[in-house]
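In order, the protein sequences belong to chains S and E.
The numbering used here applies: residue 1 is where the first sequence begins, and numbers increase by one.
The numbering used here applies: residue 113 is where the second sequence begins, and numbers increase by one.
What the hints contain is simulated information worked out from the structure, not anything from laboratory work.
Idealized CB from N, CA, C, for every residue including glycine.
Don't take every hint at face value.
[What the hints assert, rightly or not] Which residues of chain E face chain S? A few of them, derived with a C-beta cut under 8 Å, are:
hint	residue
1	S143
2	Y144
3	P152
4	S153
5	S154
6	F159
7	Y162
8	R175
9	A200
10	F203
11	E208
12	G214
13	N215
14	F217
15	F219
16	G222
[Stated by the list, open to error] Which chain E residues stay away from chain S? Per the calculated CB distances, all over 10 Å, these:
hint	residue
17	T136
18	G155
19	M157
20	I158
21	N170
22	Q195
23	Q216
24	T221
25	V227
[Stated by the list, open to error] To spell it out: a stretch of chain S is covered by chain E in this simulated footprint if at least three of its residues, at any positions, have a beta carbon under 8 Å from a beta carbon of chain E; those stretches are:
hint	segment
26	16 to 24
27	69 to 81
28	84 to 94
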Amino acid sequence: KAGVTQTPRYLIKTRGQQVTLSCSPISGHRSVSWYQQTPGQGLQFLFEYFSETQRNKGNFPGRFSGRQFSNSRSEMNVSTLELGDSALYLCASSARYTGELFFGEGSRLTVL
Amino acid sequence: AQKITQTQPGMFVQEKEAVTLDCTYDTSDQSYGLFWYKQPSSGEMIFLIYQGSYDEQNATEGRYSLNFQKARKSANLVISASQLGDSAMYFCAMREGPKNTGNQFYFGTGTSLTVIP
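Can you build the whole structure from these sequences, using the hints too?
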């Protein structure tokens with residue numbers, strides 16, 4: 001069974017640009033969550049999607065957005081990038097009644 | 113207040129010995145889940161073990177066990193017979209509410225474990 005796949009793995013952007021990250025969950029998983037990991041703030045919850053609907057949202061500005069498609073694949077977008085957005089962005093999927101998150105390898109974003 | 117507290121930024125353990133990584137949590141929910149994840153230098157978060165708040169027995173998964181003390185709100189991870197491949201960051205996490213109500217996890221700051229040959 002294929003795991004959670006995130007693309008791209010690494011990317012470099014400049015301030016003011018926007019970025020889109022993609023996540024394909026484990027087959028059959030309908031919940032997809034996104035987390036930001038930085039050395040200073042640790043792992044912070046961005047948002048969760050379930051059946052194409054945002055079910056939970058963390059405390060991030062509106063520049064951070066996401067969506068989920070009918071095949072459960074998810075994208076997150078960050079607009080008007082700031083230096084502080086440099087981070088490892090982790091996507092995780094979950095089966096509805098088991099609860100544990102299965103993470104992808106992450107997308108490492110560097111903002112210059 | 114922090115939802116998850118890990119007070120050990122770094123730990124060292126001799127190969128083949130056991131090590132305990134501490135985790136305390138804070139919630140007013142009756143139903144919640146506690147998780148431990150391992151993050152090697154490659155970055156991927158690997159699920160290790162899960163304990164539900166209503167589970168009466170401590171969870172075990174191979175060399176991993178979770179020492180769950182509900183009254184003290186602690187969920188310590190015990191790794192037995194440490195191996196060099198256990199060197200990594202370890203994160204304690206909590207999900208509040210029942211399993212099917214959402215997946216907002218709260219993570220601790222992590223403990224860096226180094227296994228010494």
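Hints, one by one, checked against the model:
no.	hint	result
1	S143	violated (11 Å)
2	Y144	violated (10 Å)
3	P152	violated (10 Å)
4	S153	violated (12 Å)
5	S154	holds (7 Å)
6	F159	holds (5 Å)
7	Y162	holds (5 Å)
8	R175	violated (18 Å)
9	A200	violated (14 Å)
10	F203	holds (7 Å)
11	E208	violated (11 Å)
12	G214	holds (5 Å)
13	N215	holds (5 Å)
14	F217	holds (6 Å)
15	F219	holds (4 Å)
16	G222	holds (7 Å)
17	T136	holds (16 Å)
18	G155	violated (5 Å)
19	M157	violated (4 Å)
20	I158	violated (8 Å)
21	N170	holds (17 Å)
22	Q195	holds (22 Å)
23	Q216	violated (4 Å)
24	T221	violated (5 Å)
25	V227	holds (22 Å)
26	16 to 24	violated (count 0)
27	69 to 81	violated (count 0)
28	84 to 94	holds (count 4)
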